[in-house]
Amino acid sequence: MDSKITEVSQMFDRFQASFMRKDYDTCDRLLSQLKVLLTEFKSLPPLFQETPNNIRELTLARHIYEYAVILSVKIEDQDAFERDFFQLKPYYTDARSRLPPSAEEYPILGLNLLRLLVQNRIAEFHTELELLPPNALENPCIKHAVELEQSFMEGAYNCVLSARQTVPHETYVYFMDLLAKTVRDEIAGCSEKTYDSLSIKDARQMLLFSSDQELSEYIKEERTEWEIKNGFVFFQRSKESTPCKEIPSLQLINQTLSYARELERIV
Amino acid sequence: MAAAATMVSSAGGLLAMLNENHPALKLHALSNLNSFVDYFWPEISTSVPIIESLYEDEEFDQRQLAALLVSKVFYYLGELNDSLSYALGAGPLFDVSEDSDYVHTILAKAIDEYASLKTKAAETKVESTKVDSRLEAIVERMLDKCIVDGKNQQAIGMAIECRRLDKLEEAVIKSDNIHATINYCIDVSHSFVNRREYRREVLRLLVKVYQQLPSPDYLSICQRLMFLDEPEGVAIILEKLLRSEVEDDALLAFQIAFDLVENEHQAFLLRVRDRLPSPKPQLSATAQSGSNQPDSAQSGSAVPLQDVQMTDDTQESSSSLNLDQHDEVYAERLAKIRGILSGETSIQLTMQFLYSHNKSDLLILKTIKQSVEVRNSVCHSATIYANAIMHAGTTVDTFLRENLDWLSRATNWAKFSATAGLGVIHRGHLQQGRSLMAPYLPQGGGGGGSPYSEGGALYALGLIHANHGEGIKQFLRDSLRTTNVEVIQHGACLGLGLAALGTADDDIFEDIKNVLYTDSAVAGEAAGISLGLLMVGTASEKASELLAYAHETQHEKIIRGLALGIALTVYGREEEADTLIEQMTRDQDPILRYGGMYALALAYRGTSNNKAIRQLLHFAVSDVSDDVRRTAVLALGFVLYSDPEQTPRIVSLLSESYNPHVRYGAALAVGISCAGTGLSEAISLLEPLMSDVVDFVRQGALIAMAMVMVQTSEASDSRVGTFRRQLEKIIVDKHEDTMSKMGAILASGILDAGGRNVTIKLLSKSKHDKITAVVGLAVFSQFWYWYPLIYFVSLAFSPTAFIGLNHNLKAPKFEFLSHAKPSLFEYPKPTTVPTTTTSVKLPTAVLSTSARAKARASKKEAEKASGAEPSAVLGSGKGKAVDKDGGDAMQVDSTAEKKAEPEPCFEILTNPARVIPAQEKIIKFLEESRYIPVKSAPSGFVLLKDLRPHEPEQLSLTDAPSSTTSNAGGSSAGQPGSASAMAVDDEPAPPQPFEYTS
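The listed protein sequences correspond, in order, to chains A and B.
Each residue of the first sequence is one higher than the one before, counting from 18 in our numbering.
Each residue of the second sequence is one higher than the one before, counting from 187 in our numbering.
These are calculated hints, taken from the structure and not from any lab test.
A portion of the hints provided could be inaccurate.
A partial selection of chain A residues facing chain B, derived with a Cβ cut-off under 10 Å [to be verified]: (1) Val53; (2) Leu55; (3) Asp101; (4) Phe103; (5) Gly248.
Interface residues of chain A toward chain B, partial, derived using beta-carbon atoms under 7 Å [stated by the list, open to error]: (6) Lys52; (7) Thr56; (8) Ser60; (9) Thr110; (10) Ile283.
Backbone N, C-alpha and C define an ideal beta-carbon position, used for all residues, glycine too.
Working from the sequences, and respecting the hints, build out all of it.
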């Protein structure tokens, strides 16, 4: 068993070295091997068997997955981020009692919150938030994400965009860039509900585009139901609201009456 | 679980791992998920598509694991179909021996699925529905496991359900106790296999298994063979037993024959009898003539009657001289068994029993007669019906003889039923039936007799010979052909139908059909019913012919008769009848729909078939015609009679219906299915109906109550006594309406039926339906339209007796134990004498009777005055009967009366004894007894094995030889003084005819 740990640690050292060198392809490859090796440790979740080296193994595994999460940010792979984060999570939640806390815990949790914000999964964002202990909210990484969410919900989109400057961790920059797009989608969604049409200039400003070109590309790609005509953007076509369904009252009354009649006949 | 403290709180990590690229990681995730699925299925369920895609990925080598996981998740989601299909995909990973809810549920589902597929395949008879081989594999694995583990009952249940007869056979053969297993198997196949065809297959298999056994249980085999309608098999077994050297085997053969007879399947029995090979050609001739003797004796009108047994004995002894010993024994036994199979032996013994043990209470009748208003013809005939039913099969017609003048008030159809009532009283008097009825039968010369009494007499002949009409058929046919009076035709049709019940004789069919086509309402109705009786259970295509005529004719009566007749033809055919039922129930004409209800009832009699019940309930609440609704509810009684506890529950809601017809139907349904059970729920359901606001509902409830309570003693249910008093009250009450009065009169008849020695039984002891009884009740329930059909109820009566017989088919003296207080099962106490009995009747008697009757009446008066027993008047012929009556009554009473203040907790019964159904459980045979029964049945005919054959036997059921009077002519003359022949031929002499009209 010890040999395995050594093997994993050695490989992890190599992984870290490549990570420093920003050789992400090698990292990815090594990480995959590491994960396979980790499956052989019985002390890891979900089994949590009591083995002599369980603390070491758990710590090591947690470390590996923390790196895996950060790596996924570096290579800008959201799916990998999600995957790795979920695999990491048991080390924070279920193994909390048996491991010393990790320095990376709050930054990574904050990253995850940010990711959920970017993907506009507000419900999950709050679920995650509720799972955190109260003092965790004091942590700058978490606080940052929470404040962003508040601004986002209030519609103070400029605050959201300006927050990019105050990121608590370098890895956050990636998600902050993505957040700008999420904000734009929100604005677009609101405007099409609010206005029948907008002049191209207003629309451009509203949607935080720097040029009309970008606006029309955005419309072409994301909002095909909008229409540009005579210097205006028309939202009507997306408004074709379906009329709310009518209650088939007469039919219901008839049915009920016939049931009553049947009942009468049976007894 | 123990590790709960350290368990992960979420499967999220593992699920995320599924998306990893490396297969090792996927495998790790899958296997871990699989072990945690019980806790995390809600989380996993959101990721099912990913796992499914893994299963569908041909290159992934752990597809089966993925399938198992998905299957489990679907199981937790309640999607059993999906779960099953993935479990099949999991192949060997799905472990049938695992003890978990999941595996149990999915296995059950798999077996259900497999069974329904197999059933569908078998029913459509198309091989196109290919069963998934994986499914089959799972089921087989399960079956094999059960067989190996010795869980035979489970294996049998499954094998039957899945139509895997090969596995069934394996399970039966490998079981430790084959006999018990087979019996279990038979029970299961009767109660759970709904398809008739399939049930036959199962039984055929069982017979095969039986025959392979080293010590076959012939009794059971023959019962099965009878169900399968394979007379050859029975004949072979019987022959083997008869030819055996061992006396016991012959006893067994007799026992088999008696058991078969009990099921009342006339056509089958005749075929068995005809197939029994005769030992040598010349002997066969004698045996043939022997068994034909009664036929020829009866068809010739004035030939002195002879006893069958006698003839057989004498002829055999003469012919056996040149045969070797072995064949002689065989021939003798053969003659006996033929007698049994033809039903004559059992009928004769039954009649002797009923006659000798008759305990009917004439005082009840007397009370009824006095309280019924003279001019009220309905109650008048009801009293006659009640008398007939009370004395059914006992041959005691004292009441009629005593009240000739009163009887003479019956005119027209009342006269018809009065005459027919004699048939009920003399039911089973096969040898002398015709001479009994002779004075009323249509005379060749054509003068004199009223057509009503002639018709009634023909009907009576039918009742006497019901289901054993070989000897009388020809005579009835002739009578039918030579008359064109519709009343006589009516009687002849009914009689012929009864006598030829279920024989499907083509010539008779034509004769009756000709009557039908005369389009006379009265004769046509009877013809319709009669055709049905004739063709009972044949499902012949002639039914469509009848249906066509029913559409053609204008007479409602004929349509009704035909509707019932058509229904009778599909008796017991279950699914086979569905097309016909469909046709009838969809008809425009309510009368045919009404017939459809009967068809449903009879086709699915005693099967408790859900489909039939559903259909009947549907018609009971939705049909527009009251008649159809009433019949639909009533029909439930027939469908459910094998499971009487069910009926009160099912009809309880209907018994509270606003519609009186439905309430009436509910009452009769309970009466029919719970007949003779004394079931407490049934009584509770009927009680409120007896005080219903509508008169005919009260009538139905009273009759039904009587049917339920027949032979229930007051000691076991106090409500019986209440009911008796209530009946008396209704009858005596001047202000009670006619309908309920009639109901009460009939009810008191049924309650004390057959001298209180019969009950209504629709199932034989081997759980076969008694065709005569069911048909009888079905036609009886028609009395709503036609009172004379009331007599059909007598077909449903079966004697509650233990009759032990030795190898000579005589009843030896044999005692056994009834392990309960005698009062629990004793006869109801005779009613007390009302104060004034003789004050009113005499003056009226003189007025309307003929000189002859007058003379008789005055003679009776004289006798009365002298204080002698009333029945002693009736001439020398009756003298013997009276003696016997008295003697036997004493004998029986002695046991009952012996119990002084502290009642003993047991009772010694003497063969032949009255054993009522409730008593059967506690009958014990004494160990030190001289005889031991071949089969330990507590009632019915039981052959007794003599352990001390060399000691002289003491026979019971024989009367003192001195009582044989000259009137018993033929039989006593033929008696060659051999003591052994005494019991059987000592049959009550035919009473003298009497007339009650001028």
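Evaluation of the provided hints:
1. Val53: Check passed: Cβ of Val53/A comes within 5 Å of chain B, closer than 10 Å.
2. Leu55: With a minimum Cβ separation of about 9 Å from chain B (threshold 10 Å), the hint on Leu55/A holds.
3. Asp101: holds (8 Å)
4. Phe103: Constraint on Phe103/A satisfied, holds at 4 Å.
5. Gly248: violated (46 Å)
6. Lys52: Since the shortest Cβ distance to chain B is 6 Å, the answer is holds.
7. Thr56: The hint holds - Thr56/A has a Cβ within 7 Å of chain B, the shortest such distance being about 4 Å.
8. Ser60: Result: violated, 10 Å to nearest chain B Cβ.
9. Thr110: holds (6 Å)
10. Ile283: holds (5 Å)
Checked against the numbered hints above, the structure violates hints 5 and 8; every other hint is satisfied.
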